[in-house]
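> Chains as they are written, first to last, in the working numbering: chain A, 167 to 743; chain B, 167 to 743.
For the record, the hints were derived by calculation from the structure and aren't laboratory data. Possibly wrong hints are sitting among the right ones.
Note: identical chains are not told apart, hence a pair may lie in one copy or across any two.
Said to hold, decoys possible - Straight-line Cα separation of at most 35 angstroms, DSBU-like style, residue types lysine-lysine; simulated pairs:
1) Lys591 with Lys399
2) Lys202 with Lys674
3) Lys636 with Lys674
4) Lys674 with Lys713
5) Lys713 with Lys431
6) Lys453 with Lys713
7) Lys636 with Lys415
8) Lys713 with Lys636
9) Lys591 with Lys713
Number of protein chains: 2
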Amino acid sequence: MAFDLLESVTGPRDLDALSFDELDELASECRAAIVKRVRATGGHFGSNLGVVEATIALHRVFDSPRDRIIFDTSHQCYTHKMLTGRAYGFIDDARMGEISGFTNPEESEHDWFRCGHTSTSISLACGFAKARDILGQDHNVVAFIGDGCLSGGEAFEGLDNAATFSSNLIIVVNDNEMSIAEDQGGIYGDFAELRASGGTAARNFFSTFGFDYRYVEEGNSIPALIAAFEEVKDIDHPVVVHIHTTKGKGDEWAEQNKEAAHSVKADGGSTPAESYTGIIRARMLEKMAADPEIVVINAGTPGGSGITAEFRAIAGDRYVDVGICEQHAVTFSAALARGGVKPVYFVASTFLQRAYDQIVQDLALNQSPATVLVFQAGFSSIDATHLGVFDLAYTGNVPGLTCLAPTTAEQLLAMLDWSLDVADKPVVIRVPDRVVHGPRVAFDASDIARFVIEHEGSDVALVALGPTVKLADAVADELSAHHGIDPTIISATTYSALDRPLLFSLEKGHRLVVTLENGVLYGGFGEKVARVLGPSPLRVVCFGGTKEFVDRVSTEELQQRYHLEPAALAADIAATL
Amino acid sequence: MAFDLLESVTGPRDLDALSFDELDELASECRAAIVKRVRATGGHFGSNLGVVEATIALHRVFDSPRDRIIFDTSHQCYTHKMLTGRAYGFIDDARMGEISGFTNPEESEHDWFRCGHTSTSISLACGFAKARDILGQDHNVVAFIGDGCLSGGEAFEGLDNAATFSSNLIIVVNDNEMSIAEDQGGIYGDFAELRASGGTAARNFFSTFGFDYRYVEEGNSIPALIAAFEEVKDIDHPVVVHIHTTKGKGDEWAEQNKEAAHSVKADGGSTPAESYTGIIRARMLEKMAADPEIVVINAGTPGGSGITAEFRAIAGDRYVDVGICEQHAVTFSAALARGGVKPVYFVASTFLQRAYDQIVQDLALNQSPATVLVFQAGFSSIDATHLGVFDLAYTGNVPGLTCLAPTTAEQLLAMLDWSLDVADKPVVIRVPDRVVHGPRVAFDASDIARFVIEHEGSDVALVALGPTVKLADAVADELSAHHGIDPTIISATTYSALDRPLLFSLEKGHRLVVTLENGVLYGGFGEKVARVLGPSPLRVVCFGGTKEFVDRVSTEELQQRYHLEPAALAADIAATL
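Just chain A, same shape as in the assembly:
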C-alpha cells in the first residue's frame, strides 16, 4: 500500500485542507501503517485500529499543541504520532526504532506526558486545565480515555475533581465495549444503556458527577466525530464526549478476536518452548481441581500472566477478573484470605506497584495469607513506563511480607505449594523470566531465610538471588579459568530476610562477598547484605541495576552496562581483590 496522504501530513494543520473523502483515505493509510508497524515490532493493535477516526477528528478540530490532547495510558496514540510528524516510525522499516509505542515529550511537542499505566489522563487534564486558568491562557484541554482505562480508581478521582471545574475540560471516553479482556464492573452496564439509548438514558454515570454529556454512536465516522468535537471545542465547562467505537476496526481478525488483538507480538517473534506462565497455569489447574478453596484473581491483564480462555473456563467462578484496578485486586485478595479461602493474585511487576499502600496495609499489616505471583520482573528491553525492576524494593522492604525468588521451576512450584497449603501469611513469589530446571536444591520452607551453599570455595563468595545463581555459576567458571579463584556459590531464594549466620560464617576463608540480583540495587537485596556485613571485616560488592529509567534498552546492553556478564563481572571481582 502506498502512504501518499500520510506522507503529506507533516503536522495536524495539514488535515485542514483535506476533504472528508481524503480524511477517510488517510484513515485507511493510517490503518495500513499500524498493521505494518505492529507486524514488524509488535505493539497495541486492536486498541489503535479502533481510534484512527477519532484521532483524525481530534487533530482536525483541536489545534495541537496549543490545545493539549492527553492520551490515557497512551497505548492508543499511534495515529496521533503519525499525524504529528512521526509517520516514518510506522512506514519506514529503518526508522521504526526511533519512536516508542507511548507518548513521550522528548519525541514531540504534541506529546504531553510519558504514560503507560492506566487511568491518569483525567487527573493530568485537571492539572493542565488548572495551570491554564492560573496563567490566564485559553486553550482546550482534552483527555482521551477508554479501552479499559476507566476502571482504575484514579480515573474516578479525576472525574470527581474534573466535574468541579468551571472552565474548559473535555473528556473523550472511547467506549469500545472492551478492556484488554472483557469489560468488568458495574459501570459497563450503564454504558450499555447509554449506547442502547443513543446517549439519552436517564441513568448516566457521567451526569451523576455533574458533567455535561454528549454521545456519538458513530465513533468510527470522521464527519460525526468532527461535528461532536466542534460542538465542544472552546466550551467553558467540563464535558464528557462518549464515543462508541469498534475495537480492531478494519482488520477482520482483530475485530473478531478483540482480546488477542489488543496487543500483539511482532511477526515471527519466537515463543519459548516452555514458559513459567504455562508451568504455573498447569500447576494451578491441578491444585484448583483438588482444592475448591483456591481462587485466582487478575486485574484486567490475564494474557500477561498466562491466564488463557481455557483456564478461565475451567476455573469458572473461582477466577475473578476485577478489571484494571490493582488496588482493589490486592485488598480483595487480602479479604478473600481472611474470609477463609486461598487467593492467588497474578500480576505484572510494573502494575503491582500501583497497589503499594494496599500491600503494606491490607496484606502485610493484616498478615492476610494471600499469594501474589509477580510476573515480568527483572531486566528486560521494555518501555520505560513498564519496567519490572523496582519490586525488589517496594515489596522486599515491607514488614511481614515473605518475598521469594525461585531459582528453578521445581523450586517455584514447591514455593507455590507451600504458600497455598502451609504458609498462613502473605507470600510474594517473583516469577523469573526464563525457565530453568533443577538440580538446584529444593525449597526449604522450614527456614525461609536460609541461604544455601551450592559450592564451597574460598576467598570470594557469590551470593545470588533467585535466578541470578546461573550467572554466579558462569562467573565462578570465569574466576576459576582466568583468575585462579574458586569462589563459594550461595543461593538466596528470599529477598525479605537474610541468613545472618551464614553470611557471618563467610568471615572464615573469604575476603569478599559479591551479591547478584535481577533488579535495581537501590532498596534491593544486595544493600541489605552490605548493611548486615557492614561491621564485619568482609568486603561487599553489589551487582544489579542502577537507579535509572531505561527505555527499550536490550537486556544484553543492560547486562553490559551493569557488568552482569560473566567475564566483566569476574574481572571486576579480581580487580577488587
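Position chain B relative to chain A; hints supplied.
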C-alpha cells in the same frame, strides 16, 4: 454521667432486649463515653459522634461476628467497640490504653481488619462476600463507608466490582455532608440531590453501577435505621443504603465546627510554641504573594499539614483540596508543573504511600517539577496503620527524584525556596518533627549530593541524615566523655544520592562509619552508604528502625529499642571498635 446501660452490654446480642427508649439512652451513654475518651486520649470525635445510632442499629439488626461488618478506615468504630465488649476502653481511665482507635482483629472477633487508610471497605466486603459464596456460607457482609472515604479511587473500584455480585453485599454510605474538611468532588452534588429528593432523584450515582438503593433521611434515628437495615438484611444482591447523619451529633461545638472536631487532641495536650507547619505556612504565604504561579495542593487532610482556614482564604483558587485521593493529587501536581505553574503538594508520609505508582510514573519518569512536602515522617507513637517510617525507602529509591532531609528550619526554607525558584525537577522535602534552628550549614543547592563535615575527628565518622545530626552531636559528646573517641560528624541532607568522594575520603583516619536515620533501615539511607562503602576497608554500622509494624509505641521506647539514644549508641560504637 453513669454508664449503666453501656456497662450492661457485653456483646451485640444484649441489644435485642432493649426498647427503643433504652437504645436512645444507650446512644446518650455512648456519646458521653466518646467525649470522655477523646478528652483523655484524643481521637476521632465528630466522626464517631455522628454514627452512634447507625452503629447501634447495625448491631441490633445484624448478627456480628457471624455477619461481617467492616468499617471503612475504621475511624468511626468507637461505638462498635463499645457494643462489642470494649466499653472499658472508653469509660475506665485506667484501661483506655488497652484499645486503639481503629478496628483490630487482635482486639475482638468483631473486628475484621486493621484499617486506617480510607476507601478500602467495599473491596474488603467484596472479598468477604466472595469467600462466603465459595465456602457455601450465608451470612451478611456489610461495608460501612462515608465521612470522606468515598472520594478515594479504591472505593470506586470496590463499587464497580461489588455491583457485579449476585449475592448478599450491603454497603452503608454514611453521608454527613463532610469529609475531614469540606466534601470535594462532583459526586457530592449528586448526594445533595439525593438528600433533597429523599433518595428519589433520577440522577443517582449508585444506581448507575446497577445497585439497588435505599435512602434513610433520619440517619440519627435508631428506629428509622433499624427499619432500613431489617429491610436489606439477608438480601440476595448488592444494595446501597444511603443514610444522612449529622457529623458531631450531640456535641454543640462539634456540630458547629465539623472540621476541627473531626479528630481532636487530648485535653491539656501541649502544642509546641513553634512548629514546622507554622514556619512553612508563613513562608508559603510570603512566596505566594510574590509569585502568582505557586499553587498548593492537598488531598483532604489540610489540618495535618498546617493548612488553616486563614491560609485557604488567602490562597483562594491557588489552594486546591482535591478530596481524599492521593493518586490524583500527585498526578494533578505533575500536570500542573508541566502546565507551567509551581505546585506544592502537602501530604503526610503515611498517605503519600498511596500514590507510589504516581510518584514513579508521573513525577519521576516525567521529571515534572513539582514540590512534595512530606509531613509526619519519622518515628512517632502513632497507630500501626499510620506509620511515617517507610517513605525513605519508597521515595529515596525512585530514579529521578531529589529527596531532601533538612536539619534546621533555615535549611528547610532554603530547600523550599530552591525547589520553587530554581530546581526544574521533582523535589521531595521530608519535614522533620521538631523545629531546630541553625547554626548548621546552609543548604548548598549547587551540589545536592554533597554531605558536609560538621566536625573533623578521627576513628569514627557519624553520618547523620537530616535531623538526626542532633543525635550525632549527643553521641559525639558521649564518645568523647566516656570512650575517649572524638568522632567526625557528617551531615547528609539528601537520601536520594550519596557523596561518594566524601565517604571514601573517610578511609583516611577512620575505621568505622556509623549512619543515623529517622525511619526504617530496610531500603533506607544507611543501606546505601553500606553498599557504596562495601568494597572499602571501612566498616559500617547503620542505626535506624527495624522492619516491623509498631503500634502506639512511644518514641522514647522506640529510641531505646533501636539504640537511638546517645549513651547506648556510643556504647554500641565503642563495642564495635
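> A separate judgement is required for each hint: does it hold in the structure or not?
Here's how the hints hold up against the structure:
1. Lys591 with Lys399: between (54 angstroms within a copy, 32 angstroms between copies)
2. Lys202 with Lys674: The answer is neither: 61 angstroms in one copy and 62 angstroms across copies each exceed 35 angstroms.
3. Lys636 with Lys674: within (25 angstroms within a copy, 38 angstroms between copies)
4. Lys674 with Lys713: both (33 angstroms within a copy, 29 angstroms between copies)
5. Lys713 with Lys431: Within one copy, since 29 angstroms is at most 35 angstroms while 42 angstroms is not.
6. Lys453 with Lys713: Classified as between; 33 angstroms across copies, 39 angstroms inside a copy.
7. Lys636 with Lys415: Cα proximity of Lys636 and Lys415: none, with 46 angstroms in one copy and 65 angstroms across.
8. Lys713 with Lys636: For Lys713 and Lys636, the Cα distance is within 35 angstroms both inside one copy (24 angstroms) and across copies (30 angstroms).
9. Lys591 with Lys713: both (31 angstroms within a copy, 16 angstroms between copies)
Against the hints set out earlier in the document, violations occur for numbers 2, 7.
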